[in-house]
Amino acid sequence: MRRKFTIFALVLFAAGCLPAQTWKPMGPPGGDVLSLAADPSDPKRLYLGTADGHIFGSTDTGETWKLLGRAGTSSDGVITAILVDPRNPKILFASAWSRENNGGGGVFSSDDAGITWKKSGLDEHAVRALALAPSNPDILIAGALDGIYRSRDAARTWQRISPENHEEIRNLDSIAIDPRNPEIIYAGTYHLPWKTADGGRTWKPIHDGMIDDSDVMSIVVDRTNPRRVYASACSGIYRSDDAGALWRKIQGIPYAARRTQVIRQDPHRPQTIYAATTEGLWRTNDAGASWQRLTPADWVINALVLDPAKRDRLVMGTERLGVMVSDSAGKQAGKKDGQQFRAANDGFFHRQILALALDRERPERVLAVLANAPEPVLATDDAGRTWKPLGPGLKAEAVRRVYAVPGGWLAALDRGGLMRYDPGKSAWQRIGSVSGEPAFSSESNAPPKKGRRIPARIVRGPRPLSHVILDMAFTRDAWYAATDDGLLVSRDQGATWVITPVGPVVLPARSVRVSPDAKSFWIVTLRGMVFSGDAGATWSWRDLPLEAGGALRLDAAGESTLLATAAKGLYISRDSGSTWKQAANGLPQAPIQDLAVVGDIFLVSMQAQGLYISYDRGASWMRIEGTLAEGRFAVVTAPRFRDEAASTIYAASSTEGLYAVELPAKLATSSSPPPTP
1 MRRKFTIFAL VLFAAGCLPA QTWKPMGPPG GDVLSLAADP SDPKRLYLGT
51 ADGHIFGSTD TGETWKLLGR AGTSSDGVIT AILVDPRNPK ILFASAWSRE
101 NNGGGGVFSS DDAGITWKKS GLDEHAVRAL ALAPSNPDIL IAGALDGIYR
151 SRDAARTWQR ISPENHEEIR NLDSIAIDPR NPEIIYAGTY HLPWKTADGG
201 RTWKPIHDGM IDDSDVMSIV VDRTNPRRVY ASACSGIYRS DDAGALWRKI
251 QGIPYAARRT QVIRQDPHRP QTIYAATTEG LWRTNDAGAS WQRLTPADWV
301 INALVLDPAK RDRLVMGTER LGVMVSDSAG KQAGKKDGQQ FRAANDGFFH
351 RQILALALDR ERPERVLAVL ANAPEPVLAT DDAGRTWKPL GPGLKAEAVR
401 RVYAVPGGWL AALDRGGLMR YDPGKSAWQR IGSVSGEPAF SSESNAPPKK
451 GRRIPARIVR GPRPLSHVIL DMAFTRDAWY AATDDGLLVS RDQGATWVIT
501 PVGPVVLPAR SVRVSPDAKS FWIVTLRGMV FSGDAGATWS WRDLPLEAGG
551 ALRLDAAGES TLLATAAKGL YISRDSGSTW KQAANGLPQA PIQDLAVVGD
601 IFLVSMQAQG LYISYDRGAS WMRIEGTLAE GRFAVVTAPR FRDEAASTIY
651 AASSTEGLYA VELPAKLATS SSPPPTP
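Note that my numbering has the sequence shown beginning at 1, numbered continuously upward.
Take these hints with a grain of salt, some might be off.
Claimed, not checked - Result set (DSSO-like, lysine-lysine): computed pairs, CA atoms no more than 27 Å apart in a straight line:
#1 Lys581 - Lys519
#2 Lys119 - Lys90
#3 Lys568 - Lys519
#4 Lys44 - Lys24
#5 Lys90 - Lys66
#6 Lys44 - Lys90
#7 Lys388 - Lys44
#8 Lys388 - Lys425
#9 Lys331 - Lys44
#10 Lys66 - Lys310
#11 Lys249 - Lys310
#12 Lys249 - Lys331
#13 Lys195 - Lys118
#14 Lys44 - Lys66
#15 Lys118 - Lys66
#16 Lys388 - Lys66
#17 Lys310 - Lys331
#18 Lys310 - Lys90
#19 Lys24 - Lys249
#20 Lys118 - Lys90
Source of the hints: derived by calculation from the structure; they are not laboratory data.
All chains, please: the whole structure from these sequences, using the hints.
Rendered as structure tokens:
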């Protein structure tokens with residue numbers, strides 16, 4: 001399966017007076033969709049909300065998408081609803097709750113069609129539902145974990161309209177407003193629904209006929225007959241014909257599919273109702289008397305938009321699959337369930353990248369390991385214009401790190417061992433056996449004086465490679481793997497490995513770097529680094545500052561400049577590791593996720609979140625600002641050889657997919673090539 005999409009670019013700026021970086025999306029397209037909304041004055045204009053606060057927009061009824069902005073400043077904001085003011089389509093409202101430990105969320109508004117957002121009240125409230133009164137667009141009702149709130153002035157001010165600290169009217173999941181009378185409000189909680197007919201002065205439970213302890217996730221009031229109300233709950237779908245006084249459970253949907261996220265009434269056929277469930281999309285054409293499923297059962301549908309201008313146009317927001325659309329109301333003669341839907345993810349990049357490998361000799365070749373995706377391992381050979389799945393045999397959760405090797409891909413497994421993709425069999429297979437013969441046969445000098453030493457036990461018989469590989473390096477003639485059991489070396493492309501002593505001892509290795517000519521070695525151990533400049537004949541110890549707490553990974557920026565990531569930040573040596581200094585002047589002293597080097601430019605991604613850049617080889621740093629750069633990046637990397645016309649770093653986001661970040665070429669001045677990573 002090959003996916004194609006349109007390339008567009010965003011320009012981001014670092015804080016202060018740093019040059020702009022151009023971010024070009026490479027995909028893979030798709031991801032999780034949490035909410036959808038349509039502009040009532042222009043049905044072709046749609047909006048999409050995600051689980052990290054980002055808002056995407058479409059001007060062609062969901063065929064193509066563009067990232068607009070972020071509602072709020074947190075990358076943990078889950079967008080639960082998006083509303084468009086029917087009087088002014090540039091005014092949007094969004095509700096959110098935060099996945100952060102201290103919770104929070106709120107309501108946000110935009111007056112430029114989603115490009116910029118500002119807080120609009122209910123700060124620190126986890127808002128799970130938001131509705132706009134059809135008869136008075138100034139009135140908004142918000143359902144939060146701590147109660148129900150109303151605004152009469154388009155979200156400028158808010159008042160609580162549910163009793164404070166009420167034992168039942170809390171943990172709101174859905175809100176609906178009578179289309180004719182804004183004083184009539186329905187509220188669905190984690191435990192049954194409630195109703196007010198006087199704008200919140202009094203509330204009464206309305207659960208007669210419902211199974212007790214029903215989490216009410218969606219409520220819809222029939223626009224042609226407001227006394228008819230539909231509600232979806234974890235216990236099934238219900239209909240009331242007397243404004244909620246009595247509910248009747250609708251039959252026809254299997255028990256497993258009864259967790260219905262959203263109910264939508266067809267704008268052209270009032271008797272037709274759609275139910276978006278955790279087991280596909282269902283439809284009734286007779287107000288619930290009978291139902292049919294329109295998609296495969298393993299589709300999780302979170303959001304649904306029905307085009308009021310085009311009779312049979314459906315736009316679905318799903319988990320894993322992204323946006324799916326149908327122009328035949330989800331059913332077409334001669335096609336099976338799901339075949340009448342097609343992916344519409346052009347421009348919607350929201351994949352969660354867990355691991356990434358870039359072929360540094362041919363940067364158009366990339367391998368990505370994804371979380372929560374229908375195809376967990378994808379590869380591109382054309383810089384992201386098309387992606388294809390690589391499998392089976394490799395599970396995303398089993399991967400520790402992936403690497404590019406000539407003609408193929410490697411995956412180091414979290415529980416130990418190594419897998420290689422076999423293109424002939426189109427599958428991943430375990431490779432490697434280990435023996436105890438040392439790879440460095442030259443006599444060694446006195447051993448290093450520091451670091452935990454492991455007696456060099458020689459095991460003659462080969463055994464399957466099961467070591468947990470923490471880092472790898474490659475030269476033309478050998479592969480090197482850093483493990484807690486020592487340095488492993490292979491000279492037959494991973495088929496056989498030997499545990500290699502550093503001098504007369506075996507040292508646990510966290511990271512390894514080798515020069516292209518295989519004469520210089522840097523091996524990071526528990527408390528420092530060992531170095532050899534003569535292909536392993538002799539070794540010397542290099543200390544790291546005690547406050548570093550030990551290095552985790554090593555990179556190089558030229559012949560004498562080394563970069564070591566540690567638990568307390570980034571450390572730089574400009575004399576091949578003899579002395580070290582912690583990077584400061586704008587860079588936080590906090591754990592580093594990854595780093596990349598392009599000439600004199602250093603780019604660092606933080607474990608917490610955010611990107612920091614230095615244009616002077618680490619002397620000073622600034623945070624890159626912008627809606628993309630604010631997130632978390634599992635991997636940042638760069639090709640080995642730099643084009644004179646452009647300098648590019650590849651940033652793999654934990655939520656936004658892969659981006660090629662083009663840096664100003666005049667600032668990425670040439671330096672000696674670093675050792676092979």
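Okay, which hints does this one fail, numbers in order? 3, 7, 11, 13 and 19
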